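Each chain is listed here by its residues.
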Amino acid sequence: MNRMLALAGRTGKELLRDPVTLVFGVGLPLFLLVLMSVIQNNVPVEIFAIGQLAPGMAAFSLSFVSMFAAILLAKDKSTSFLLRVFASPALPREYILGYALPMLPIGAAQCAVCFLTAFCFGLAPSWNILLAMLVLLPTAALYIAFGLLFGVLLTDKQAAPINSILVNVAALLGGTWFDLTLVGGTFKKICTLLPFVHATESARAALAGNYAAILPHLAWVSGWAALLLVAAVLLFKKKMREN
Amino acid sequence: MNAIETTGLTKRFRGRTAVDDLNLTIAQGEFFALLGQNGAGKTTTIRMLTCLLAPSAGDALLMGESIARNAEAAKAHSNLSPQETAIAQNLTVRENLMLIARLYGANKADAAGQAEAAMREFGLSARARDRAKTLSGGMQRRLSIAMALITKPNVLFLDEPTLGLDVRARRELWKTISALKGKVTVVLTTHYLEEAEALADRIGIMHEGRLQALGTAAELCAKANATNFEDAFLALTESEAETEAAL
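These protein sequence lines are chains A and B, in that order. Just so we're aligned, residue 1 is where the first sequence starts under this note's numbering, counting upward by one. Just so we're aligned, residue 1 is where the second sequence starts under this note's numbering, counting upward by one.
Hint data in this document are derived by calculation from the structure and do not stem from the laboratory. Since this is a predicted model, take the numbers as computed values, not measurements. Incorrect hints may appear among the rest.
Taking lysine to aspartate or glutamate and the EDC-like style, the derived pairs with C-alpha atoms no more than 20 Å apart in a straight line are [claimed, not checked]: (1) A:157 <-> A:18; (2) A:77 <-> B:84; (3) A:237 <-> A:156; (4) B:183 <-> B:72; (5) B:108 <-> A:94; (6) B:152 <-> B:231; (7) B:181 <-> B:160; (8) B:152 <-> B:194; (9) A:238 <-> B:201; (10) A:75 <-> B:95; (11) B:133 <-> B:110; (12) B:175 <-> B:201; (13) B:175 <-> B:30; (14) B:152 <-> B:72; (15) A:13 <-> B:95; (16) A:77 <-> A:156; (17) A:75 <-> B:84; (18) B:152 <-> B:95; (19) B:175 <-> B:160; (20) B:152 <-> B:110; (21) A:77 <-> B:160; (22) B:181 <-> B:166; (23) A:239 <-> B:72; (24) B:175 <-> A:94; (25) A:157 <-> B:121; (26) A:237 <-> B:110; (27) A:238 <-> A:94; (28) A:13 <-> B:130; (29) B:183 <-> B:172; (30) A:239 <-> B:84; (31) B:133 <-> A:94; (32) B:183 <-> B:121.
Not close to chain A: a few residues of chain B, all C-beta gaps over 10 Å, as computed [claimed, not checked]: (33) 66; (34) 76; (35) 102; (36) 125; (37) 129.
Yeah, the Cβ is synthetic: ideal placement off N, Cα and C, and Gly gets one too.
Input sequences plus hints: build the corresponding full structure.
Next up, the structure:
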């Protein structure tokens, strides 16, 4: 436990002291939220109504968690810091949790900033905001798993560009920017198989108080998150044996 | 009890044998250097001894603990300063040291005390609050070695500790490393022959995965019938193909 906490503390400090975390993790989603809300004030579009946009943006902002995890892990590989951790008596579960757990409060803070900013654009304070943040936990786990996977598989030079693709995919296929039914067909079918749109819809349902609609979306995101987490842990352990 | 005893230690990677039947004993407190060209098997040997790689055959006892059967206990006896600097860039010098101490089981208060002692010993106290990434290359290596020593290991593995440093930084690090002699068992891998010759009690020369020669620098010179250590090293690591080509 002490070893896991030590590693988790280190992960948190590395992230919070890196300006990239602030710029991409909070700055970019906030900028987009403000921009879309201004557009909405001038030319009303249903999908950019604050009740739709804010939860979508909160879900989207979590995709940056994947980038933070992947870049940190890939850097630790290239500098051999990970080798030092592997050579210590720390157990695999301790260092995997040491990387993963600090991402959760960072993700929660990102969501909180999105919803707090949304108050300025007319979002009414409600307990459903807390529920939406809770519902986004599996989404955070999903992106942490993506980050661990990419961090283990990619080099430090590959981690950022490949993760940018994930962030863009999450943005385009997440249903935050446009209604997926407008494209329809195979595109929509693919989108509904992937977890991104379900992450957005679960948060929207929670915020709207449409409780019955939360569970199917949540189950889909949780299934993906569990699958990817198992894959990430197995690959992490394999990487350890290969060193 | 010896610090390290390997018996038939072997590592194969998809048909290629990186380390072949290594039998080696290193006494406690000994400063042992492992030399060899690129791909000779030095780093693979270190990685097996630090339990980062499982052997394909054979075993090694580290302070009596088997690396194959009781890796966790073996790990607790050793520490490693890897080839690269291997520090947490955004943590301060103190935080880096405390992190490693805690990874080896120290609580927060003990880790803080150990970090202060390590910073005094390695001349890092003035930079205690500075982030590791702001240190010079030589200071980062010194921090890396301090991180390996903060846990008071019985066996310290130094994998190419002076690689990439300029002459002055290398000489300064030599002083730091030579101060460890007799205090802890050191296994050093290096490309710098003069480093091994100046620091090590005994030198093992690896070639194509095998331990080609073992002894003091003087013994190795005598064995190769060479007047200096560089000639001895070249003679002892000359492959059969090179010898045939020369003939």
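Hint check:
For the given pair, residue 157 of chain A sits about 17 Å from residue 18 of chain A by alpha-carbon distance, which is consistent with the 20 Å threshold. Distance restraint check for residue 77 of chain A and residue 84 of chain B: the Cα-Cα separation of roughly 10 Å lies within the 20 Å cut-off, and the hinted pair is therefore satisfied. This hinted pair checks out: residue 237 of chain A and residue 156 of chain A have alpha carbons roughly 19 Å apart, not beyond 20 Å. With a CA separation close to 23 Å, the supplied pair residue 183 of chain B and residue 72 of chain B exceeds the 20 Å bound.
Between residue 108 of chain B and residue 94 of chain A, the direct Cα distance comes to roughly 17 Å. Compliance with the 20 Å bound is thereby established for this hinted pair. Using a Cα cut-off of 20 Å, the hinted pair residue 152 of chain B and residue 231 of chain B is violated, with the two alpha carbons roughly 37 Å apart. A distance of roughly 17 Å separates the Cα atoms of residue 181 of chain B and residue 160 of chain B; the hinted pair therefore holds under the 20 Å criterion. For the suggested pair residue 152 of chain B and residue 194 of chain B, the alpha carbons sit about 27 Å apart, so the restraint of at most 20 Å is broken.
As the CA atoms of residue 238 of chain A and residue 201 of chain B are separated by approximately 37 Å, the hinted pair breaks the 20 Å bound. Annotation: proposed proximity of residue 75 of chain A to residue 95 of chain B holds, straight-line Cα distance about 18 Å (limit 20 Å). Annotation: proposed proximity of residue 133 of chain B to residue 110 of chain B is violated, straight-line Cα distance about 25 Å (limit 20 Å). The suggested pairing of residue 175 of chain B with residue 201 of chain B holds, with an alpha-carbon distance near 16 Å, which does not exceed 20 Å.
Taking the CA atoms of residue 175 of chain B and residue 30 of chain B, the gap is about 17 Å. The hint holds against a cut of 20 Å. Only pairs whose Cα atoms come within 20 Å are accepted, and residue 152 of chain B paired with residue 72 of chain B is accepted, the gap being roughly 16 Å. Between residue 13 of chain A and residue 95 of chain B, the direct Cα distance comes to roughly 10 Å. Compliance with the 20 Å bound is thereby established for this hinted pair. For the hint pairing residue 77 of chain A with residue 156 of chain A, the CA-to-CA distance comes to about 8 Å; that is within 20 Å, so the pair holds.
Annotation: proposed proximity of residue 75 of chain A to residue 84 of chain B holds, straight-line Cα distance about 12 Å (limit 20 Å). Pair hint residue 152 of chain B plus residue 95 of chain B holds up; C-alpha atoms about 17 Å apart against a cutoff of 20 Å. About 15 Å separates the Cα atoms of residue 175 of chain B and residue 160 of chain B, which keeps this hinted pair within 20 Å; it holds. A C-alpha spacing of about 13 Å is found between residue 152 of chain B and residue 110 of chain B, which places the hinted pair at or below 20 Å, so the restraint holds.
Only pairs whose Cα atoms come within 20 Å are accepted, and residue 77 of chain A paired with residue 160 of chain B is accepted, the gap being roughly 17 Å. For the hint linking residue 181 of chain B to residue 166 of chain B, the alpha-carbon distance of about 23 Å lies beyond 20 Å, and the restraint is violated. Distance hint between residue 239 of chain A and residue 72 of chain B is fulfilled; the C-alpha atoms sit about 18 Å from each other, no more than 20 Å. Simply put, residue 175 of chain B and residue 94 of chain A have alpha-carbon atoms about 36 Å apart, too far for the 20 Å limit, and the pair is violated.
Pair hint residue 157 of chain A plus residue 121 of chain B does not hold up; C-alpha atoms about 36 Å apart against a cutoff of 20 Å. The hinted pair formed by residue 237 of chain A and residue 110 of chain B fails the criterion: a straight-line CA distance of about 30 Å is larger than 20 Å. A C-alpha spacing of about 16 Å is found between residue 238 of chain A and residue 94 of chain A, which places the hinted pair at or below 20 Å, so the restraint holds. Between residue 13 of chain A and residue 130 of chain B the CA atoms are separated by roughly 14 Å; this keeps the pair inside 20 Å, and the hint holds.
Taking the CA atoms of residue 183 of chain B and residue 172 of chain B, the gap is near 19 Å; set against the 20 Å cutoff, the hint holds. The straight-line distance between the Cα atoms of residue 239 of chain A and residue 84 of chain B is roughly 18 Å, inside the 20 Å bound, and the hint therefore holds. The hinted pair formed by residue 133 of chain B and residue 94 of chain A fails the criterion: a straight-line CA distance of about 26 Å is larger than 20 Å. For the suggested pair residue 183 of chain B and residue 121 of chain B, the alpha carbons sit about 13 Å apart, so the restraint of at most 20 Å is met.
With a least beta-carbon separation of about 15 Å from chain A, residue 66 of chain B lies farther than 10 Å from that chain, consistent with its non-interface assignment. With 10 Å as the threshold on Cβ separation, the claim that residue 76 of chain B sits away from chain A is violated: the shortest Cβ distance comes to roughly 5 Å. With a minimum CB-CB distance of about 4 Å to chain A, residue 102 of chain B fails to clear the 10 Å threshold, and the non-interface call is violated. Once the 10 Å rule is applied to beta carbons, residue 125 of chain B is consistent with being away from chain A; the minimum gap is 21 Å.
For residue 129 of chain B, the condition that its CB be more than 10 Å from all CB atoms of chain A holds, with the nearest at approximately 13 Å.
When each numbered hint is compared with the structure, violations occur for hints 4, 6, 8, 9, 11, 22, 24, 25, 26, 31, 34, 35.
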